[in-house]
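Quick mapping for you: the protein sequence lines, in order, are chains X and H. Heads up: the first sequence at position 67 corresponds to 809 in my numbering, and the numbers run straight through without jumps. Heads up: the second sequence at position 374 corresponds to 1200 in my numbering, and the numbers run straight through without jumps.
None of these hints come from the bench; they were simulated from the model. These numbers come from a predicted model, not from an experiment. Careful, some of the hints might be misleading.
Listed next, the stretches of chain H that the computed footprint assigns to chain X, with coverage defined by at least 3 CB atoms under 8 Å from CB atoms of chain X [as the list claims (entries may be wrong)]: (1) 844 to 852; (2) 958 to 972; (3) 1028 to 1042; (4) 1208 to 1216.
The calculated label-pair distances, taken between Cβ atoms and stated as ranges, are [to be verified]: (5) H/D906 / X/A1019: 37 to 45 Å; (6) H/E994 / X/R786: 29 to 37 Å; (7) X/A984 / H/N977: 31 to 39 Å; (8) H/Y835 / X/S847: 22 to 30 Å; (9) X/G981 / H/V849: 18 to 26 Å.
Note that the Cβ used here is the ideal one computed from N, Cα and C, for glycine as well.
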Amino acid sequence: MSSWQRVADEFDWWLFGAAAGLALVSGLAMASAASTVHAGLAMRHWGWTAAGMLLSIAVARLNYRTLSEYAGLIYGLSLAALVAVELAGAVRLGAARWLSIFGFSVQPSELAKLATVWLLARHLAGQGAVLPNSVVWASLAIAGVPAVLIFIQPDLGSATIFGAIWLGIVWVAGIRGRLLAGLAGAALAAAPLAWHLLKGYQRDRLLAFINPHADPLGAGYTIIQSTIAIGSGRLWGRGWFAGTQNQLSFLPERHSDFIFSVIGEEWGWLGCVAVIALFGLLLFRVLRLAMASAAPQGQLLAVGIFSWIAYQACVNMGMVMGLLPVVGVPLPLVSYGGSSMVVVWLALGLLQSVRRADREV
Amino acid sequence: MDRLARLRYLVVIAQLCLVARLVHLQLIGGAHYRALAEQNRLRLVPELPPRGLILDRNGRSIAGSQTVFRVAIVPQELEDLQAVLTYVGAVVQRPVESLRKEYAKEQSLAFLPATIVQRVPKDLAIRMEEERWRYPGLLVRPETVRAYPLNTGAAHLLGYLSQPTAEEVPLLKQYGVRPKQLVGRMGLERLLDHALQGRSGGVMVEINHRARQVRVLGRRASESGARVALTIDGQLSSLIQAAFGSQAGAAVVLDPETGAILAMTSSPSFPPEAFATAENTAIRRLLNDPQSPLMNRAAVAGYQPGSIMKLVTAAAALEQHVVTPATVINCPGSLTIGDRTIHCWNRDGHGPVALRDAITQSCNVYFMQLARRVRWDRLRAAQEQIGLAHRTGWPMEEHSGHLPRRRLSEGEVALMGIGQGEILVTPLQAAVLAGAFANGGWIVEPWIVQTVGGRTVPRRASRRRVGWSAATLDTVRTGMRAVVTDPAGTGRRALSSVVTVAGKTGTAQTNLEGQNHGWFVGYCPVDAPKGAFAIIAEYGGSGGDVPADIARTVCEYLALPGEDHVKLATGR
């Protein structure tokens, strides 16, 4: 039996299928959303999607445990990249988030997410049923350093993802309930301090979330236009390429953070529910994979990736529907963005590797 | 491991929250959000209909349209507002700040031109059009506006247009009137406003988030307002207006057979276009003018009739058989009733006079005696029979005139016989009165609109018999003819070599000592009257002067209208 054949047998086709389904929806929605943004945008998006898929399949063949030797190195590299962004990054939309490498614009924060998940999984694996406090503190530092570096870019949304990832992993790794409650209390107490650390526009967005009609042409504009777009789709949607909010550019950031609004407008309630169902399938498959995994490291890796994708998907969709404040978080596998697309596919590839490797144990 | 399993519930709960929100947004609130999305992208740009033309009896336009040039800015093409404003300001010689204010006021959607200068002369318009390429966003566009070829002639009949006020807009909206659309304010423009307006059209435009036009989705052409044909003669109106010059007064000329108004002028007049173009200083001057140029004196001003009332007194006396045409009454130059002495205008006295000469020379003593013999109740009945103190049926604003209802003293009755005292008559009533003598005893109802949109305007049965005998009328008419032809007649200046004129002068006392209004009422030609008229010149001295001159001009025009008249006038 060739190694390809083995990979195919062990492959989680449901997981791959859910991700590919999302990629398909994304590719179609992008054609419509990008048509009024930039002519070559949809093509580039398809290119990144294809690259991500291929990379994912390639990684699935490898043994994640061998790769895990390099988790610390990758983490270190991504931190270095984040610092480099801070020093020499390209400023777009008022934030320094991109680094130019070989002509490609790379967003190091995306790689940092995977690196953090990986290192946390390695660090917390095999610590026993109840985590010692010192291990918890170390894990907090692992997640905290990139979070702070990203927060000062500034990118509030991405920074909070590290919190979600950390929480998911330490929860499953066995953090004591009392410690977690204490940390939560400390976080709440620090919230007013955090308010002072926020940039003016970030505060505006939070206020606009509470009452978008206070400033309908300013901070509230995005969320108002987005809810109009989604609501106007009704059951069946207005049709592919026929969403007026999208096609007439009333919807800002429609190809990136607000791609779900385009799906809502053009494909209606049914399209939205299909996307949510695909995410549900994907996340359930990841959890199933985690539960089936005998090795703690693989399991925690899966839990970390689960937390990451689940949190990001929920926050993004909640944001565009007006359920959550507007923080710039892309919808995994769907929003435009090469770095995000490739890194998420990479993570899914690692999961395939986990599935295969840990079953063999 | 149970911690891991619990994460599944988290997924389910999150999904349920999202789906519930989607149900709320898309299924429950979908129609609302769909409407908001449509509001976002659709704009209806109204297209105002051309207002209906108003034509005179000869088919000449007396209220039409004219092309003017406006300077506008198209916001979506604008690159440098300051440069455009500076340039336009230099060309039209207006401060940049006032143009900027205008732009801020007019600016709406990015693709809709915002007018910053309402009207520029053609040469400046052409100059700006040629240099426009240097100033993106600048637009010089021709636009049709209401024009009144007669200018001040017939202005009171036609009325004027102006923009509706903020309070009126919601009321007018139900009739399809748009905020920028002009509405009729006076005269026929107001009376026939609805028909003249036409139906607004519009263009449905799809716009994007910057309010720029993306494409046109639909168009409904506007429907021009109805064409209106009047009974008046525009040339005659201009002629009378010119004849008045700076003299205040009014004139009404009507067809004695039908009551159709041939001309109705009021002086001083006003240019109706001033209101449509919102020339504020011009409007303020008109409103503050002590001579009230906006008032239509012909229909709404009541004047003492003076000696023109003698026609009615004469007819009443003949009908009551208190005199015959041969009855002679001596005029010693004054008449004393009780302790009051009233002079004849000729203080030396006319001596013994019969009816014809009394009319010709307008003897006060003769007619005061007649009034005493007729007595007040019967004199008043005769005055009412000829239409005084009643509306004529004129379709627009009019004054009903005035007659006293109380018992009058002997002296007051005598004065009433010569048209003095508590009596007011409008020029329109006086013209109807003249018409009754011209047409053999019919009171006509004056009217002016022949057709609206090609359809004849229905009229009520509009003639009423006065009920005086043919003999009575003939006797008075003989006197009226002699007023103009007799060497001693008071209306000699109305005598014409081309047309026969009959009439009666009048001089109405005013509350200013020595200042009188002059009347002339009459008709022409004598045998088959084409026109009956009443002319009054305020503080214009005797009716035999300016009013008689205007009467002759009117009659000569009626006898030889159009080109022939012009030849006649210039040939002299």
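Evaluated hints:
1. 844 to 852: holds (count 7)
2. 958 to 972: That given contact is violated, which follows from only 0 residues of the segment 958 to 972 of chain H lying within Cβ reach (below 8 Å) of chain X.
3. 1028 to 1042: holds (count 6)
4. 1208 to 1216: It is violated, with 0 qualifying residues against the three required.
5. H/D906 / X/A1019: 37 to 45 Å: The hinted range 37 to 45 Å is violated for H/D906 and X/A1019, with Cβ atoms some 53 Å apart.
6. H/E994 / X/R786: 29 to 37 Å: With Cβ atoms ~57 Å apart, the hint is violated.
7. X/A984 / H/N977: 31 to 39 Å: Violated, since X/A984 and H/N977 (Cβ atoms, about 56 Å apart) do not stay within the stated range.
8. H/Y835 / X/S847: 22 to 30 Å: Hint violated: Cβ distance 39 Å, outside 22 to 30 Å.
9. X/G981 / H/V849: 18 to 26 Å: holds (21 Å)
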